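*Asks:* Spelled out, the chains give:
Number of protein chains: 2
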Amino acid sequence: MTRLLKVAAAQLGPIQRTDDRQSVVKRLIELLRNAHSQKAELVVFPELALTTFFPRWFVDDISQADHWYETQMPSPITLPLFDEAKKLGIGFCLGYAELTQDGERFNTQILVERNGDVVAKYRKVHIPGHETHEPDRPFQHAERYYFKPSDEGFGVWQAFGGRIGMMICNDRRWPESYRVMGLQGVEMILCGYNTPLQYIPDPTQDPLQSFHNALVMQSGAYQNGTFVIGVAKGGVEEGVDSLADSSIIAPSGELLAKTSTSGDEVVTATCDLDWCYNYKNTLFNFDRYRRPEVYGLITSQRGAIFT
Amino acid sequence: MTRLLKVAAAQLGPIQRTDDRQSVVKRLIELLRNAHSQKAELVVFPELALTTFFPRWFVDDISQADHWYETQMPSPITLPLFDEAKKLGIGFCLGYAELTQDGERFNTQILVERNGDVVAKYRKVHIPGHETHEPDRPFQHAERYYFKPSDEGFGVWQAFGGRIGMMICNDRRWPESYRVMGLQGVEMILCGYNTPLQYIPDPTQDPLQSFHNALVMQSGAYQNGTFVIGVAKGGVEEGVDSLADSSIIAPSGELLAKTSTSGDEVVTATCDLDWCYNYKNTLFNFDRYRRPEVYGLITSQRGAIFT
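One line per chain: the protein sequences are B and P, in this order. The letter at position 102 of the first sequence is residue 102 when you use our numbering, and the numbering goes up by one with no holes. The letter at position 231 of the second sequence is residue 538 when you use our numbering, and the numbering goes up by one with no holes.
Bound-form chain B, shown alone:
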């Protein structure tokens, strides 16, 4: 059997601080049309796809940052993207900063079906970086100041003829993210990211960013028998160079497509969702082979404990 889903990774180049949302939405619509012209049915945009990566600056009064967040989705400014997608009959996944009516701030990603319905919302679980201003850094990574870690966890939704999950950026480095979705039968994980090439706390990791990005997504795909679509906002944004390497990864862990630039770029692949069963029904038949009896520490403790 085959269940084919043609998916597009729609990478964005940098969004500078002065680029307004109208201009960004215009770029997203261009990428959407490009993906549609290649017969993609689902197009995946990056994390925080509507603005520059604003956690690189600190503001003492967080309300001064309110303008980076969305309070409704779609909004008048983003509606043209939704309208165009619905007109073309193409679905999409979009990351943005969310400010709720209760004043909570999340790093959020939504999944929009081909009929225009928002069918799923995911809020980032693993928030990296730091909570307070660290003036010695050349640039901040204050995500833990700007975003609350979601307690809703990782869902899997029936959509696009398969079982779709979502995660955002740093989530992809944690095997638990993939596994919690794998235990819900996920067949395709959509993941946007913004990853500076310079990791201030440990410069020895800088030359390994591309390797680490591929390593975690390819192993997460293989170990759970799922497709993974990783999509970057890449290139030099406000002086900070970020990883591109957007890619479409098979349940075998193999790379099916990868961008070759760090700018706006679309790559596509036709994904047979039934490929997942080659792994889910054999080597990684969880019900037959997993041993949760001895996994207790994974949920009973947060940090490492030395005895």
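Bear in mind the hints are in silico, worked out from the structure with no lab data behind them. Keep in mind it's a predicted model, so treat the numbers as computed, not measured. Note that CB positions come from ideal geometry on N, CA and C, so glycine has one too. Careful: at least some of the hints might be erroneous.
Interface residues of chain P toward chain B, partial, derived using beta-carbon atoms under 7 Å [to be verified]:
#1 G460
#2 G560
#3 L563
Which bits of chain B does chain P cover? Going by a derived footprint, with three or more residues having C-beta under 8 Å, they are [unchecked claim]:
#4 252 to 264
#5 292 to 300
Here are a few chain P residues that sit away from chain B, every Cβ distance over 12 Å (derived from the structure) [stated by the list, open to error]:
#6 R328
#7 S370
#8 R421
#9 T614
Given the coordinates of chain B, assemble chain P onto it according to the supplied hints.
*Replies:* For chain P alone, coordinates are given in the frame of chain B:
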């Protein structure tokens, strides 16, 4: 700071059915001396290093297989290996089939310190393959008939100046194995394996064996900030070709050394155990960044549940 430990991956080529244990112990001693001549302090041998991979044959009465198991360690036949190691002041890790006094059968690995003391024993948790005779296969993989899955889980031991963990073969494909050790501060994981290149349930995986082996060990190392030493019994054993690719992997996930043959071969690397802290204290500071609140499914259910 640096805490240097020179480790050797001592790969074995095939052990045929008619090869007696004396001849195998002789090969192990040769590898041990080779490792010692390269100034290694710890040498890692493969899974089931004393015999051929006997789960490839089925016997109706399991007691007919008793001769493949060890009932004591060291035994008169294996004692020369222990004696030689103690004489040279080199430690080792050895895999073998264990038959306990209670008649329980485990796939076991022990860690022997430089003074000759057996300081740790690990029994395989994730037993792959099948429970019953499957006569349609060209060869059996009846590990689930021959070995009981251990309920003791994954330990970490203070030895060789660091925190050492062990796992065996199929354990390396499961991110939970590494994570349970990571949560105990593991700095080096020792893993022997026997991996046939032909995976009967899904031949599409055959050409990917080398890729998958590297992928899981490199990601497990990186995601837990630990060295991983993977050691094969490789080559054509009783007509079944098995993966070699023994390797020493850094906490960065990078490959430090890898065998180039599928026969008896030693590769070494000097491992700075303090390298682990580059990861454990930054990106993978578990106490700061893990989210066990949303990992519940990992321990509350075994198989995938579709809702």
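*Asks:* Decide, hint by hint, whether the structure agrees.
*Replies:* Each hint, compared with the structure:
no.	hint	result
1	G460	3 Å, holds
2	G560	6 Å, holds
3	L563	14 Å, violated
4	252 to 264	holds (count 3)
5	292 to 300	holds (count 9)
6	R328	31 Å, holds
7	S370	26 Å, holds
8	R421	22 Å, holds
9	T614	7 Å, violated
Comparing the model with each earlier hint shows violations of hints 3, 9; every other hint is respected.
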